[in-house]
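Enquirer: Chains as they are written, first to last, in the numbering used here: chain P, 1 to 249; chain V, 1001 to 1368; chain E, 2001 to 2323.
These are calculated hints, taken from the structure and not from any lab test.
These numbers come from a predicted model, not from an experiment.
The reader is advised that the hints may include incorrect statements.
Unchecked claim - DSS-like cross-link-like pairs, simulated, lysine-lysine; straight-line CA separation at most 25 Å:
| hint | chain 1 | residue 1 | chain 2 | residue 2 |
| --- | --- | --- | --- | --- |
| 1 | E | 2090 | V | 1201 |
| 2 | V | 1364 | E | 2095 |
| 3 | P | 225 | E | 2248 |
| 4 | V | 1364 | E | 2187 |
| 5 | E | 2197 | E | 2187 |
| 6 | P | 214 | P | 225 |
| 7 | P | 118 | P | 58 |
| 8 | V | 1199 | E | 2095 |
What the hints assert, rightly or not - Listed below are several chain P residues computed to face chain E (Cβ distance under 10 Å; list not exhaustive):
| hint | residue |
| --- | --- |
| 9 | 141 |
| 10 | 170 |
| 11 | 172 |
| 12 | 183 |
| 13 | 185 |
| 14 | 187 |
| 15 | 188 |
| 16 | 217 |
| 17 | 218 |
| 18 | 219 |
| 19 | 233 |
| 20 | 241 |
To be verified - Chain V regions said to be covered by chain E (calculated; three or more residues, Cβ under 8 Å):
| hint | region |
| --- | --- |
| 21 | 1009-1022 |
| 22 | 1207-1216 |
Ideal Cβ positions, reconstructed from N, Cα and C, are used throughout, including at glycine.
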Amino acid sequence: MDAKNIVISAQDLTKQFGDFTAVDQITFEVYGGEIFGFLGANGAGKTTAMRMLCGLSKPSGGKASVAGFDIYREPEQIKRNIGYMSQKFSLYEDLTIKENIQFFGGIYGLSDRVLKEKSTDLIQQLGLAEHAHTLVGSLPLGWKQKLAFSVAIIHQPSIVFLDEPTGGVDPITRRQFWDLIYEAADQGITIFVTTHYMDEAEYCNRISMMVDGKIAALDSPTALKQEFAAETMDDVFFQLARQAKRKSD
Amino acid sequence: MKQFFIFVRKEFLHVFRDNKTLLMLFGLPIAQIVLFGFALTNEIKDSKIVICDYAQDNASRQLIDKIAVSRNFIVKEQMIDQQQIKSVFQQGDVKLVVVFPNNFEQDLLHSNQAQLQVIADASDPNTASTLTSYISSITSDFQQNFNAGNQMQPIISPEIRMLYNPELKGATNFVPGVMALVLLLVCVLMTSVSIVREKEKGTMEILLVSPMNPLTVIIAKAIPYFFLSLINLTVILLMSVFLLDMPMNGSLLLLYLVSSILILCALSLGLLISNVTESQQAAMLISLMAMLLPTVLFSGFMFPLENMPVALQVVANAVPSKWYYIIVKSIMIKGVGFLSIWKETLVLSGMTLFLLLVSFKKFKIRLQ
Amino acid sequence: MGDIKWACTERLNSDPMVDVSVQNISKTYDEGTVKALSGISFEVEKGELFGIVGPDGAGKTTLFRILVTLLLADAGEAMVNGSDVVKDYKEIRSKVGYMPGKFSLYQDLSVEENLKFFASIFGTTVEENYHLVKDIYVQLEPFKRRRAGALSGGMKQKLALCCALIHRPEVLFLDEPTTGVDTVSRKEFWEMLKRLKSEGITILVSTPYMDEATLCERIALVQEGQIMSIDTPDGIIARYPDQLFAIKSDNMSGLLRDLRAHPEVASAFSFGEYHHITFTDKQKIAEGASSFLATLSHHNLEMHTITPTVEDCFIQLMSHDGR
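Bound conformation, chain P alone:
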């Protein structure tokens, strides 16, 4: 976290669907190289906020910039400079490891030469050299996840957005995945991650907690636990989410 350069900044960012305010004037900053946990109950507005930051959805109000680009005017540049990985869609199961890498590298505009180098390097790094021509569908889950993450950062984005990357994954694979996240953070890639596992919240440098479309708390896990006089992050989350009025709709 060198000198706190700001890579994501949102000011009064708002999204309305009809008379429903999904995201209600959120203001926050994310610093370069940090692991930023973006938590909240179902329906609190996490996904909507994340979509706006990725340039997928136009805000109804407020300002925000991601990787130095304005989310209104420069969504295309944003897409070029971020990586994205979700639980549901990550890789094409009917393509081989190599084909997946080349496809995703290709859509980010890597040149053939760079792509060739990268894919060889990547396969080597992941220890998958023997399996370069194996269909992704037949790989164990842990490998798939590693590969999906590596592919999401193949174009060396400054920020990577991870939407519940570890849902339903076994405890060992889940931890291996976090090793990857740490590695990427050490290389200076900023991590923006959502999760339902509260122990994973502890691994983040800072956490924001959304309740009813607003950011109800934002700090380091230790500071949050102190503030709420809570033993665990689970407890913090529970105290905050219980205040939600919207939760029952």
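Chain P is fixed; fit chains V and E onto it per the hints.
Expert: Just chains V and E, lined up with the frame of chain P:
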């Protein structure tokens, strides 16, 4: 029994809450009929025709002038032989050729009879028949005024030849075809999609794990579409009779009875399709492919079966809509009773029974 | 062969307290290329709250589908509430409640319409068993005219539970009811299950969340189609073979790397605020933890012994399964 009615009610709710389904159900038939109806009733203006006058006499001149002043035609005179007629049509913008034979006036004056050759490009049968009828009426008007003093009325008989579609399926013949198409399409599509939707959404899992008999589920699913199809049929009939002047000479009851058989046939086909597909899109695609093409190609309402190779004619026998098309034409236009169509009805019923049995047999009581 | 089968069935039925019994159930997909379940056996007693705990792909859904008669097993036998899942599938279908993993209600029907519909296909009415779902349904009542598709995740789960309960099933199968649901809704959901248990309904519930395991009376830890361990949560924890320590410092990721490279450390996994570690030589550590800490150059080191969680046990069992 109560379970059954609740289920049927639920199906109706699905239908009425989904605008897409409603549009399919009622928009499609109305659009079809309006489309065909529009094509039928529209008057043709300024159609380019070629007149080839071998007679070059007074009578032919007068008749040509009469044709030329009509707002329906733009006349181009050209001396061509029989071989050239085809190439004229192939260029596309000329739809009709009128040929005056030698001695047109002499024949008319001396034997009171003259021939006039009218050749139409019937690849578009609607246009062809409309244009020839214009010519016929101008000709008959002409012959009444020709030599008005003479006691004997001269007779000009236009000898009409339809190229490409010698049978000239009349416009009204489309309606039975559209009926078959719409009923099949809507029923097959709706049943297959509605069952596959339950599979896709996971609700089929719960239904299977309930004590409800899977057959009951199927029948309850089919019932709303059966009734909606009957309503559909009524709409089509009303529109074709009142909007398109389609005759309704036979028994209405018989027509509904036969249509019910076709609907049942379609429902069981839809059920079969739902058995082999897992997604709504796939079900929709298969339904469209399996219904639209065979109905259009083989029921005989677009392309005359008689002109097809024998192999295809045999294939056509396996298409339910072919039989339904024959039956509906017989009832509506010829006004015949059951005795004249029992054979076709038997074939259709046999097919329906077969499909129904197969689809019940194939229905899975488990997920795999 | 017939004799053996008879003997086996006899044994299954012999204990009146056993409500669900599974014997050597195996299942493969795609003509045997994908193994979903390999020889699973266990028993669940009447009125028990039994958890199947394991990650995605462990075979939980396949197991449930076999038990609720939606799938046929390749081998093995299973009885639910005294009925065979193959032969007596019709009886089972009227006795069990099933809530599939994916939200499986009619999204275009209202809350009320869904409930009424499911009551009637099970041949009952909402009024008849209202007391069972009352606690849950009162929370849904304000939205009863809303379409199910417009409910939040937590509310959908509640409605699905109501619909699975409305015919007062003998055995309730809940396949990952809390997946994708936030902590608050998850807590509420488990409280509802406890209340249902007091009604005497046998409940089988599957979950990928290890922390939910302790809320069950007994659990089976499953991984890759096999049961690794089966016991009460306390029993499973008591069987953890090593002394477990929790350790933390200022630089957690660096600490983890150092721990993994350390010759005295047998295993090291991050667990939220702390890393959980075990040692190769138990005796030595018991004598002096401070000498171990001295070998690590980290600031604000802190270490203490802890009781393992189910997740620790799961990791330990997975590692010993030859990972």
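Enquirer: Against each hint, give a clear statement of whether it holds in the structure.
Expert: Checked hints:
1. At roughly 23 Å between alpha-carbon atoms, residue 2090 of chain E and residue 1201 of chain V fall within 25 Å of each other, so this suggested pair holds.
2. About 20 Å separates the Cα atoms of residue 1364 of chain V and residue 2095 of chain E, which keeps this hinted pair within 25 Å; it holds.
3. Annotation: proposed proximity of residue 225 of chain P to residue 2248 of chain E holds, straight-line Cα distance about 16 Å (limit 25 Å).
4. For the given pair, residue 1364 of chain V sits about 38 Å from residue 2187 of chain E by alpha-carbon distance, which is inconsistent with the 25 Å threshold.
5. Restraint check for residue 2197 of chain E and residue 2187 of chain E: satisfied, since their Cα atoms lie roughly 16 Å apart, inside the 25 Å limit.
6. For the suggested pair residue 214 of chain P and residue 225 of chain P, the alpha carbons sit about 19 Å apart, so the restraint of at most 25 Å is met.
7. For the hint linking residue 118 of chain P to residue 58 of chain P, the alpha-carbon distance of about 33 Å lies beyond 25 Å, and the restraint is violated.
8. Distance hint between residue 1199 of chain V and residue 2095 of chain E is fulfilled; the C-alpha atoms sit about 22 Å from each other, no more than 25 Å.
9. A distance limit of 10 Å between C-beta atoms decides the matter here; for residue 141 of chain P the minimum to chain E is near 6 Å, and the interface restraint holds.
10. A hinted interface residue such as residue 170 of chain P counts as satisfied when its beta carbon comes closer than 10 Å to some beta carbon of chain E; here the least separation is about 4 Å, so the hint holds.
11. Against a cut-off of 10 Å between C-beta atoms, the interface hint on residue 172 of chain P holds, since the closest Cβ of chain E lies about 6 Å away.
12. A cut of 10 Å between beta carbons decides the hint on residue 183 of chain P: the least distance to chain E is about 9 Å, and the hint holds.
13. The interface hint given for residue 185 of chain P is met, as the beta carbon of that residue sits about 8 Å from the closest beta carbon of chain E, less than 10 Å.
14. Taken as an interface hint, residue 187 of chain P does not check out: its beta carbon lies about 13 Å from the nearest beta carbon of chain E, beyond 10 Å.
15. Using the Cβ-Cβ criterion of 10 Å, the hint placing residue 188 of chain P at the interface with chain E is not satisfied: the shortest such distance is roughly 14 Å.
16. Below 10 Å, beta-carbon pairs count as interface contacts, and residue 217 of chain P has none with chain E, the closest being about 15 Å; its hint is therefore violated.
17. This hint is violated: residue 218 of chain P has a C-beta 18 Å from the nearest C-beta of chain E, more than the 10 Å allowed.
18. Taken as an interface hint, residue 219 of chain P does not check out: its beta carbon lies about 15 Å from the nearest beta carbon of chain E, beyond 10 Å.
19. Hint status for residue 233 of chain P: holds, given a least beta-carbon distance of 7 Å to chain E, under 10 Å.
20. Because the smallest distance between the Cβ of residue 241 of chain P and any Cβ of chain E comes to about 4 Å, under 10 Å, the interface hint for this residue holds.
21. Using a Cβ-Cβ cut-off of 8 Å, 5 residues of the region 1009-1022 of chain V lie near chain E, which meets the minimum of three, so the contact claim holds.
22. Only residues whose beta carbon comes within less than 8 Å of a beta carbon in chain E count, and the region 1207-1216 of chain V has 6; three or more means the coverage holds.
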